[in-house]
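Make the full structure from the sequences, and use the hints.
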Amino acid sequence: MRFNLLTLFPEFFESPLSCALMGKAREQGVVDFNLVNPRDFAFNKHRSVDDRPYGGGPGMVMALDPLAHALRSLENPGRILLMSPRGRPLTQALARELAAAPAVTILCGRYEGIDERLLDLFPVELVSAGDFVLSGGESAAMCLVEAVARLVPGFMGKEESGEEESFSAGLLEYPQYTRPEVYEGLGVPDVLLGGDHARVAALRREQSLGQTLARRPDLLGEAPLTGPDRRFLAQKPRTLLGRALYVALVHGPVLNKKGHTVTVSLTNLDLHDIARISRTYGLAGFFAVTPLEDQQALARTLLDHWTLGAGGRANPDRAEALGKVRVAATLEEAVSQAREHAGQDPWVLATSARPDGGVTPGAVRETLRERPVLLALGTGSGLAPEALALTHGQLAPVRPFGAYNHLPVRAAFAILADRILGDIF
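Number 357 in full-length UniProt numbering belongs to position 357 of the sequence shown; there are no gaps in the numbering.
Treat the hints as calculated values from the structure; they're not laboratory data.
Certain hints may be false.
Ranges of calculated distance between the beta carbons of each label pair, as one might list FRET restraints [what the hints assert, rightly or not]: (1) Y183 / S128: 26 to 32 Å; (2) D356 / H260: 16 to 22 Å; (3) R179 / G402: 57 to 63 Å; (4) L134 / E320: 28 to 34 Å; (5) G402 / E184: 39 to 45 Å; (6) E222 / E184: 36 to 42 Å.
None of the values given here were measured: they were computed from a predicted structure.
Beta carbons: idealized from backbone N, C-alpha and C, even for Gly.
Structure representation (structure tokens):
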């Protein structure tokens, strides 16, 4: 496989491309490198490769002409990649995809970037090594080269070496051990010493799952998990952030379609579904808020039927979920009850389909590690101003860029609960 590296600093690659497995692979012809310096294609008076950006701003921009000539000089450019924070993340899946190509060309940017028109002239694919900024693209390019080259047949020698490593199966790799068996009182797991390959494989799978849950739980949503995998993960202790999250379904004061402040009727369906969502995600509490006494009485009648009456006896799971529901006359009362239950003031956030909110699910998740949060769900056409006055901020809408944004409140809450907590907490 050939790597064409377009860089203003070819000397950067001298050592990493000449040592260890990479050096051996080059000697054996498994991989080949062609270092091209765009400065060799700068035909202006001073052979410069950068210029000031149109529109002003700090720094310089890599000029278009030397890069274009450098690319056109290549006999076999293959896929053309530009290392850029704007690009597709460099993942094991992408590395595997690139390893199947006969050639790859990597552009190493410098300064403030390259002239954007290069992307119009050539089929350039942007690739990012991570959410950070480097002084140049060489370091990122070397990461890509290393990730791709080691997947080329013949590079690793023992091909299965690359199959059991982190990310190869969507999980982090299991821990490794070698001699001595005991070092400063620390021993090797007994299973690894017994010679039972089936037990070793089972242990390593569980260790891999445990490492991923502890260090990169975000990977589990896309990993190909089996039934035994899920049962194993379900038994692992978790940081139950849901225990600090409360939800209040506010029926008044809310707005109607004409913008008037009103109180709307509660529904059996909302109580049931939001209670079940709350129980599924392990929330601390669910408040049904209505200032109308007849609606409060209706809510208690429904709850009693499903927790103390025939409904609860027939459906204990439903009783368990609806047992989390508390009736409050006002949002202020719900906040007070949450404060009393949690022992500290909650961060109260409004939810809305309007594109005004800026608080992200990630910000809520981080806040839950420090203090309780109460989400105020508006019915009707959303919370009225007097209810909003009790909140400290507003969550970003579930579908901020869609032309149609009218999810039922229970569906919106299910999406928010999953975005905030997911299945990893």
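So, going through the hints one by one against the coordinates:
| no. | hint | in the structure |
| --- | --- | --- |
| 1 | Y183 / S128: 26 to 32 Å | violated (40 Å) |
| 2 | D356 / H260: 16 to 22 Å | holds (20 Å) |
| 3 | R179 / G402: 57 to 63 Å | holds (59 Å) |
| 4 | L134 / E320: 28 to 34 Å | violated (52 Å) |
| 5 | G402 / E184: 39 to 45 Å | violated (59 Å) |
| 6 | E222 / E184: 36 to 42 Å | holds (38 Å) |
Violated hints, listed in ascending order, are 1, 4, 5; each of the other numbered hints is respected by the structure.
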